[in-house]
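From first to last, the protein sequence lines stand for chains G and R. Per our numbering, the first sequence starts with residue 1, numbered consecutively. Per our numbering, the second sequence starts with residue 1, numbered consecutively.
Simulated from the structure, these hints should not be mistaken for laboratory data. One should not assume that every hint holds.
The list treats identical chains as one, so a pair stands whether inside a single copy or across any two.
Simulated pairs of lysine-lysine, BS3-like, Cα-Cα distance not exceeding 25 Å [said to hold, decoys possible]:
1. K16 to K63
2. K16 to K196
3. K192 to K16
4. K71 to K16
5. K16 to K155
6. K155 to K196
Number of protein chains: 2
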Amino acid sequence: MTDDTPDYTRHNERMKRVQAARERMQARRTLERGLLIVHTGNGKGKSSSAFGMVVRSLGWGMKVGIVQYVKGKWETGERNFFEANPDLVTYEVMGEGFTWDTQDRALDIAAARAAWERSKQLILDPAYDFVVLDELNIVMRDDTLPADEVIAFLKDRPLTTHICITGRSAKPELLELADLVTEFAEVKHPFKAGFKAQKGVEY
Amino acid sequence: MTDDTPDYTRHNERMKRVQAARERMQARRTLERGLLIVHTGNGKGKSSSAFGMVVRSLGWGMKVGIVQYVKGKWETGERNFFEANPDLVTYEVMGEGFTWDTQDRALDIAAARAAWERSKQLILDPAYDFVVLDELNIVMRDDTLPADEVIAFLKDRPLTTHICITGRSAKPELLELADLVTEFAEVKHPFKAGFKAQKGVEY
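Start from the sequences, fold in the hints, and give me the full structure.
Spelled out as structure tokens, the structure:
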């Protein structure tokens with residue numbers, strides 16, 4: 001070590017103690033099973049974070065199913081990607097669009113019902129390791145699908161599959177039941193600065 | 001309509017007005033350029049949300065680069081997926097691991113420097129539409145890489161590329177400069193309930 005090189009000995013010694021502490025902490029974490037994951041809050045990133053876990057799962061050879069409850073009928077980046085790679089993911093676009101676009105509550109209810117029936121199939125199928133229910137929180141919030149029915153099913157779910165439910169305004173009973181909850185809090189949103197929704201970012 | 005079918009006329013009419021209001025709002029959003037996006041906070045999902053935007057970008061045929069500053073040296077789902085599909089993404093694993101695992105500050109500094117030089121290349125290369133700098137916030141927080149140098153470069157960045165920077169403890173100057181900031185707030189984390197890190201979810 002020359003005179004010019006800073007001496008990091010103390011830092012490096014301290015890191016040994018940090019590592020030992022972390023190893024003790026990790027040794028206490030022994031549980032392993034399918035997690036119920038909820039992404040909620042008014043910030044951006046709830047669905048994209050679910051799609052990122054899809055990428056991780058695919059990297060481990062896990063089988064993935066995605067049901068989109070609201071978005072996805074129109075062209076999106078995720079739709080283009082997953083539909084171009086049907087061998088990777090079972091991808092079901094079952095929403096009819098936003099309620100203000102359908103302007104048809106009977107259609108919204110029928111679409112949510114069909115999406116939920118398909119979601120249950122995927123969750124109950126032992127072949128699937130990870131199931132994303134994108135925007136399910138929205139149809140529960142709007143009573144387009146009865147939340148108590150969803151919660152009752154999830155209480156009895158098979159514990160071999162990870163389930164990730166996205167959408168703002170998650171029901172408190174769902175948060176109660178979940179193993180992992182992240183609230184996506186908006187700090188700065190480009191829409192408010194006059195930006196359009198842009199490819200790759202918002203869709 | 002039979003007697004049993006609920007009458008949704010009022011709901012459907014109201015949605016027409018909601019749609020019109022949303023269209024007026026969207027008409028005011030006219031800006032379009034590469035966004036500086038920051039994912040911070042102590043909640044789970046910051047990196048996976050960046051990878052989800054990668055999926056979206058790929059679905060639009062956009063060219064994507066990813067530099068991983070800390071994580072990724074060990075086997076992860078994203079690493080397996082991106083390395084198995086090198087035609088999709090330029091994927092650079094340039095971190096040496098957590099500081100408590102390297103226990104070598106000089107190595108940490110050299111790794112962060114190399115990762116930053118590569119990051120600048122990708123951002124300055126007009127071929128790239130979306131560049132993810134995963135965990136860059138961490139090396140700035142730890143002064144492993146000088147934050148002022150990063151901020152100065154980002155102030156002058158080309159506005160044709162979306163850049164997404166992840167990691168807890170983002171610098172206030174970075175949040176100031178950013179177009180989109182989401183804080184990922186931990187509500188419930190499986191580690192605290194004794195769960196191990198699990199494939200597809202945490203890595």
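Quick rundown of the hints versus the structure:
no. : hint         : verdict
1   : K16 to K63   : neither (38 Å within a copy, 40 Å between copies)
2   : K16 to K196  : between (48 Å within a copy, 22 Å between copies)
3   : K192 to K16  : between (46 Å within a copy, 23 Å between copies)
4   : K71 to K16   : between (48 Å within a copy, 18 Å between copies)
5   : K16 to K155  : neither (42 Å within a copy, 37 Å between copies)
6   : K155 to K196 : between (40 Å within a copy, 21 Å between copies)
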